[in-house]
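Chains W and V are the protein sequences, given in the same order. 203 is the number that the working numbering gives the last residue of the first sequence; the numbers go up by one with no jumps. 203 is the number that the working numbering gives the last residue of the second sequence; the numbers go up by one with no jumps.
Just so you know, the hints here were simulated from the structure itself, not pulled from any lab data. In this text, a Cβ means the ideal position worked out from N, Cα and C, and glycines have one as well. Just so you know, nobody snuck in bad clues.
Derived coverage of chain W by chain V (criterion: at least 3 residues anywhere in the stretch with Cβ under 8 Å from a Cβ of chain V; other residues may be distant):
# : region
1 : 104-116
2 : 169-181
To list a few chain W residues with every Cβ distance to chain V over 12 Å, as calculated:
# : residue
3 : LYS15
4 : GLY84
5 : ARG144
6 : GLY147
2 protein chains.
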Amino acid sequence: MTRSGADTSGSKADKRVQRSKAVVLAQTYELLSEAGIGGVSIDEVSRRSGVSKTTIYRHWPSRAALLLEACSTIGVTPQVPDTGSFAGDLSVLAAQFADELRSARWAAVLPSIIDAAERDPELAQLHAVLHARLMSPFAVVTERARGRGEVAPGREAADVAASIAGPLFYRRWFSREHIDEPFVRRVVEDSAGAAHGLAVDGQ
Amino acid sequence: MTRSGADTSGSKADKRVQRSKAVVLAQTYELLSEAGIGGVSIDEVSRRSGVSKTTIYRHWPSRAALLLEACSTIGVTPQVPDTGSFAGDLSVLAAQFADELRSARWAAVLPSIIDAAERDPELAQLHAVLHARLMSPFAVVTERARGRGEVAPGREAADVAASIAGPLFYRRWFSREHIDEPFVRRVVEDSAGAAHGLAVDGQ
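Okay, chain W solo, but in the shape it has when bound:
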């Protein structure tokens, strides 16, 4: 929010700062998609964005901080469905994931972050933040379904997330097969069926 009169030049300066921050973030993400995390250096981001290294370091104290914000502003923000049934909610979430995995840029970027996280604790932290955000809808829909008696006590939200995201991620990054509709449907049926089976047997 801007105040009046004397602040006009300050507000212009603010806008300029915002614009150059946006350019830096966009170029960081661009570079990440093209070359993987190893290709992202402050030098190269500065060169491409035309923003000086000093200015970049003023906004982001480290490369990891820059990467984190670049991923958080352009990356995914998953919707939490509320269809009234567990299978329905999982179906929406799985379709959303499948769609993103087939087309979104983060799908080509995430392996690079995962690889870096194996060796670099700061990037492991970045990965943990991205992962928690990506997976957060599973906790919501699982607890709601548990309230309706559709999920057994032994089945945690983390199990549900693994049973949906696991096969989809596997197919995207490991087997590199096409993620087609029938496959997505089978994954959802298996996951909802297993949770329900437990609910029936286990209570």
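On the provided structure of chain W, position chain V as indicated by the hints.
Then chain V, alone, in the frame of chain W:
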């Protein structure tokens, strides 16, 4: 097999070649584990192994060829179980995977190859070879189980592989949670149950 007399010096030379090849492969794998695929250069492998670049290029025409052999000689060779039941076989396979994911070095190396495969067709080829070998037991145990009527026609070996490897891989590289025994058991029960459920409903 060596012949006699005149071949002794040839055989000694052969042994020296074998030894230097082994050193190069070991150093390549070492470097891969430490620094990821971006850290593996013929220069650095030569420096560490003490084997000249010319000699390295004589044995392996490209960096990808060297990486492929380094991974294939030291990497995994999964056992194919034959317990007499589908659930039993999957249980052995899942336990084997879980064990490797917790401790084997390839578990720290694979994300690097997957990341590189997103951008480099030659390394995508390397990944495809490694992946096919890693997953080959699933085709064998699934087809055997199908012969015993434990697997419905609609359930492919690729689905079974995704339903076991997916959640385990997810947990190792994405959520970075501990892969404990109860989790592995639930994954196997879900997978065998889903295949069996289909066999009962669908035939």
